[in-house]
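Trainee: Spelled out from the first residue to the last, the chains are:
2 protein chains.
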Amino acid sequence: MTESTFVNKNNTKSNTASSDIVRGHLEALRSAMKQRGLDAYYVPTADYHLSEYTGDHFKFRSWLSGFTGSAGTLAVTADRAGLWTDGRYFLQAEDQLAGTGIDLYKMQQPGVPSIEEFFLSSLPEGSRVGVDGRTISAVAGEKMAESLKEKNIALIPDADLAGIIWTDRPALSAEKIRLYEEKYAGKSAFSKLEEIREEMRKHQADFHVITVLDEIAWLFNLRGSDIAYNPVFLSYAVIGETQVHLFTDSRRIEGPALDSLKALGVILHPYEDIYLIAEDPDILQRESRILLSKASVNYRLYTLLKESGFDLIDKKDPAIYLKAVKNETEIHNTLKAHLRDGLIMTRFMKWLKNNVQSGDLTEAGAASCLDHLRLSAENNLGLSFETISGYGPHGAIVHYAVTPETDIPLEPRGLYLVDSGGHYLEGTTDITRTYALGPLTQEEKEHFALVLRCMLNLMYAVFPEGVCCHNLDVLARTPLWEHGLDFLHGTGHGVGHLLNVHEGPNSFYWKLREGAEPVPLAPGMITTDEPGVYITGKHGIRLENELLCREKESTAYGKFLHFEALTLAPIDLDAVDPALLTDLDRRRLNSYHRRVYETLSPYLTDEEKEWLKKYTREI
Amino acid sequence: MTESTFVNKNNTKSNTASSDIVRGHLEALRSAMKQRGLDAYYVPTADYHLSEYTGDHFKFRSWLSGFTGSAGTLAVTADRAGLWTDGRYFLQAEDQLAGTGIDLYKMQQPGVPSIEEFFLSSLPEGSRVGVDGRTISAVAGEKMAESLKEKNIALIPDADLAGIIWTDRPALSAEKIRLYEEKYAGKSAFSKLEEIREEMRKHQADFHVITVLDEIAWLFNLRGSDIAYNPVFLSYAVIGETQVHLFTDSRRIEGPALDSLKALGVILHPYEDIYLIAEDPDILQRESRILLSKASVNYRLYTLLKESGFDLIDKKDPAIYLKAVKNETEIHNTLKAHLRDGLIMTRFMKWLKNNVQSGDLTEAGAASCLDHLRLSAENNLGLSFETISGYGPHGAIVHYAVTPETDIPLEPRGLYLVDSGGHYLEGTTDITRTYALGPLTQEEKEHFALVLRCMLNLMYAVFPEGVCCHNLDVLARTPLWEHGLDFLHGTGHGVGHLLNVHEGPNSFYWKLREGAEPVPLAPGMITTDEPGVYITGKHGIRLENELLCREKESTAYGKFLHFEALTLAPIDLDAVDPALLTDLDRRRLNSYHRRVYETLSPYLTDEEKEWLKKYTREI
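Line order of the protein sequences matches chains A and B.
Per our numbering, the first sequence runs over residues 1 to 619.
Per our numbering, the second sequence runs over residues 1 to 619.
Keep in mind the hints are simulated off the structure, nothing from the lab.
Take the hints with a grain of salt, since some may be wrong.
No copy is singled out in the list; a pair is fine if it fits within one copy or between any two copies.
[Claimed, not checked] Simulated crosslink set (BS3-like; lysine-lysine; CA at most 30 Å straight-line):
no., residue 1, residue 2
1, K511, K262
2, K511, K316
3, K316, K34
4, K143, K202
Input sequences plus hints: build the corresponding full structure.
Mentor: Written out as C-alpha cells, the structure reads:
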C-alpha cells in the first residue's frame, strides 16, 4: 500500500453531529480556554506516539469540529475557529463544517494562511496559545513556538482540554499484549536490548527514551492490537544501562508475555507515568544524557525533559535501523508468509476471472472474498490494512476504501485494482495487482505496460553497497516520465515484520524529505516497489511487489546488492500487450513468472496448476 | 573530461631538485618558522582562489619538497617533515622524496594519521602552527583550527613564509585581460551585476565578496589567461549596492576591456589590496553584512573580515547558479562551437582510421594532430584542457597525460581513448571518444557496449522539473552495475561558457558530497555524460557527450525536461557489436547518429560525407 503521507485517501463517511452540537463543543472549549488563561487553542490529529493511524480516544479534533477526515488541525480563538486540511478533504470538510462557524482553510492553496500565520494575524502581542503537547512532535512544537515568538505569543504545551471537556471520550485502548515468540522474531528481546545499548554507548547516552509504538513492540518481542491494522500497544519505554522501564497498562499482560518481561527485568509503570520520569530519581538520574529523536518524541515529553535540565541527544532511534534489517529467521519466515499470500492472490485472481462474467461481483464483494481467503489462512492474525478494491475510475483514487455508498459492480471490461495484505505469524505482506476484467482500451494497455516496465526496472536493479533508496527511484519512473506521466506518491516503503505495513527508514522516492538523511540499502531490508498511473474518471493501475535486498556478488568494484521479489503472484497477462514491452522487459517478466509458477505450483490442485501455468506463460 | 577530484591523474614528470636542494629549502623554512615563533608549518597545493589548477607562483609545496605531483600537502615541524598525498602519487612521491628527510604519508591507507593527527601527536601543548591562510578555504581552516584546540595549539593564518624564503619565486601571472563581447556573452555585465545584487538583497547583504576566478570573469564579461586552460585572471571582487571594486593587476587592462569597466563604474585596486578592505571605509562600512561562501573564500580573508566584526552570511555565491544556466545567446553559440568541434572530431577519426595501419602513429602524434585541428579552427582560443590520448592499458589511467617517456605506438588492434576539448569564442567543448584501432577482444566489445548503453540511458532521460542531478546518475551506471562493473568518478560535470571546462553546481554523481545541496536540473544547464570502464593493464573506455537541459513538454504532471546532446561526433561503430545492445539502445544510437550526419554533412567534402555516412549508418 502506498504511504498515506504522499497520497489522497478517500473518506466519505459523514459525521452525524449537527452544527449545533459542534457549536456546543466549541463553547465548552472556549470556556475551558478562558479558565486556563488561553487566548487560543489548537488540536492536531495524532495520538501521543504520532502514529500513522489513531484510536478513537485520540479523535478530539473530530469530536470538536464534526469533521471526520483522517487529516486536519482545528485552531480556535475567542471569536474565530478554523480547520486546516488538504486537497483530498476539501469537499467533505465544506460539507461537515457548514453551519458550525468554523472556517475551512485549504492547505497548499495560494493565499491561504498557515496556522502560525492565523495566530500571528488574529492574536494580540503577548497572547497564550494552548495545545496538548503530546499530540505534536518536538520538532513541530519548537517550530510553532519559534514562529509565535515574533509577536511575543507563548505556546503552552500542557493544555489538555480534551481531558476536561470531552466527557464521553472513548477509553484508551488496552487490548491484550501477546508474546511474539523468539522462533518467529529470530532474536531475543535481550539481544535487541544489548544492540540498543551499544548504540546508546556510541552517543555516550545514559538513557534512551522510546515513544514509537512499533519500535517498542519490536524491541520486547511483544504484539498488541490497540490500533487497527497495526499490531502494537500503547506504551513508552526508557532504556538505561542496567534498567528497563515500560510504561503501559500492565493489567493486560499475562502468561508468557509477562514471564518474558520479568525475565528481562523490565520494570512496569502505568502508561501516564512517563510524564513523571523527570522527577523520579529511581528512573533518571540528574545530569543524565538522554538519547531521543525530536522528530518522533512528543513535544510535551521533550519539553519536560529539557526543562528538567537533562542533556538531550537528538538522534534517530537506533531501533529504526535495527528493525529495518530483517534477521535470517524473519527472512526465512517472510518467504513462507509470501508463499501463503501468493497462493491466496492466485486463487483470488482465478475466482475473479471465472466469475466476473456473471455480473454478480461488486468491489465490496470481491474485497470480502479476498479478505476471507486471508483471514482463514494458516497463522493469519488479520489484515495489514483495509483492502483497497477499486474498479474503473475508483482505481484512480489512490487510497480508495469501498463503502456501501460507493460500491459498484465489476463489469467484464476495463481494469480493477486491488491493494491488500495480511499479518501472519511469519510476517506482514502488502501486494497490489491490477486485473483486466475483459477488453481494455488502447490507453489502458499502454498505461499498464508502462507501470509494469517501471516495476520491473526497479525489481531487477543491481547496485553497489552505499547506494541509497532515493538514488534508485528514477528506475521506477523513467518509462512513465518519457510519456509525460507520473505518480504522486513514493514508489515504495519499508514493511514491518508482523508490525506496521509502513515503516522506515527505507523508502523509494527521488525527493529526500526535508531533514531526512539518505538511507543506504542494506541486505535484509524489505521495501515495496509500487509504481502506478491514475487517470481521474477513467482508471488506476498499480503493481506492487515487496523486494528483499540481498547480496549479489563482490567484484573489484566492491560488494553489489540486488533484490529478491518476495511477492509471488501473477501479473495479469490479459492486461499485457507484449508489443508494448522491450525484449528486456519480456525476459524479466518471464523470469518472474517462472519463479511464481515454480514456487506456488506444488501447493495447488491440478486444475489450479493448469490455470496458473497459463497465467505465467512465457510471452 | 572527468573531474579530477574523483579520479587519478598520472604525472610522472620528475623534479630534478636533488635531495640536497630540498634539505636546504627545509632549513630555510625552519629558520623562518623560528623567527616567526612557529613550531610547525604546512603548505597545501592551491592558489589564493582555490582554483582547480594553479600557476607556477603558487607551487611552493613543490619547490620546498621536490615532489611535483598535482596534489599534496607538506607539514614541517622543528625535527620532522611529512608529505600527504593520495594513491595516484605514491610511487612518484616515494621516488622524489627519497633522501630529503620528508616522510611520505599515504592518504586513505589504514593506520596513516591525518595532518591534524600528526600535529596533535608531535607538537606540545600550546604550540603555534603557521599556514598561508590564502591557500586554504575558510571551511578547511576552521576545521584545522578546531582540531588543534584539543591541545591548545594555535593556527596562525597569516604566515606567508613563501614570501620570505622563496627567493626565485616565479612572478604572479598578469596576462592581458580581454573583453568578452556581449554578442558572445549574451548578457551585459551591468545586467549580471543587477542579478547578483538582487540575490544579495534576498539575504539582506550590503556587500558580496567574490574570490572565485571564473565567477569574476563571467560577471564582468572579461577573459584572461593566468591559469593554463582556464581563461580567467587573478582577481577578487567586492560588490556593493552602488559600488563595484575589482582587485587585480590593472596594468594589463586596456582598450575595450578598460572602457567596459569604466562604463560600469568599477573601481580598480591592486590585487593584494583585497586584504586591506576591512580597514577601508571607502569600501566596507562598519556593521556591513557581507555575503560570501566559506567553502570558496580563503581562510585568511575570511578570518580578517570576521575578526573585524563584519556580519558574514555564508551562502553559495549567487554567480554559480546564474552562470550555470546558459542564456539564449550562449546556447545558440555553443551549438556552433560544437558543430565546429564535431567536424574536427570527425576528421580526426577518419585520419586515425586511415592511418593506423601505417604503424607510424603514436599517442603523442595523434594528440598533436587533434590539437592542431582544434587550434587552427575558426575562433579557437586554445584547448580547454590537456588532451588525454591513451592507447590500450594507458586508456585505463583516467587522467593520462602522454609524455615522451610514456608515449607508445598505436597498433592496429584494441582500443584508443581520446578525451579533449577546445575554447572557442562561441563556447567551451569537452568530448571523449574511444576508437577501435582494429580487432577487439570479446571483453573489449562487451565493455564498450555497456559504456555506450550507460551513456545513452542518461542522454535520453526525461524527467519532471525538480529532479536533481544526483537522482539521474544511476541511469548511467546500472548496465555496468549489472555486470559487477563501475567507474570511480562522477558521471559528469557542468561546463563553462568560454570558461573552465569543470564548473558547478550541476554534476552527475549518485553520492551527494558532504555538505552539498541537491541541485535540480534547469533548462539551460550543460552537463557532461561520461561513463567509463577502466581495466588496469588492459583497456579503458569512456564515451562523453555534453548534454544541454531543455524543456520537453508540460502535462497534467507538470513540466518535463530532457537533454539535447550538444556533442556531435560518431560513436565508433567498429567497436559496437549490435547483438550486445537492446532494441532501445540501437534505436537511440541510430537516432543520435542520424542527427550527427544531418548536422555535420553539409560542411564536409563528398569524400568525407561518404565516410561519415558509413560511420553513422543504422545498425
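Trainee: State for each hint whether it applies.
Mentor: Outcome of the hint check:
no.	hint	verdict
1	K511 x K262	neither (45 Å within a copy, 46 Å between copies)
2	K511 x K316	both (19 Å within a copy, 21 Å between copies)
3	K316 x K34	neither (38 Å within a copy, 49 Å between copies)
4	K143 x K202	both (29 Å within a copy, 22 Å between copies)
Against the hints set out earlier in the document, violations occur for numbers 1, 3.
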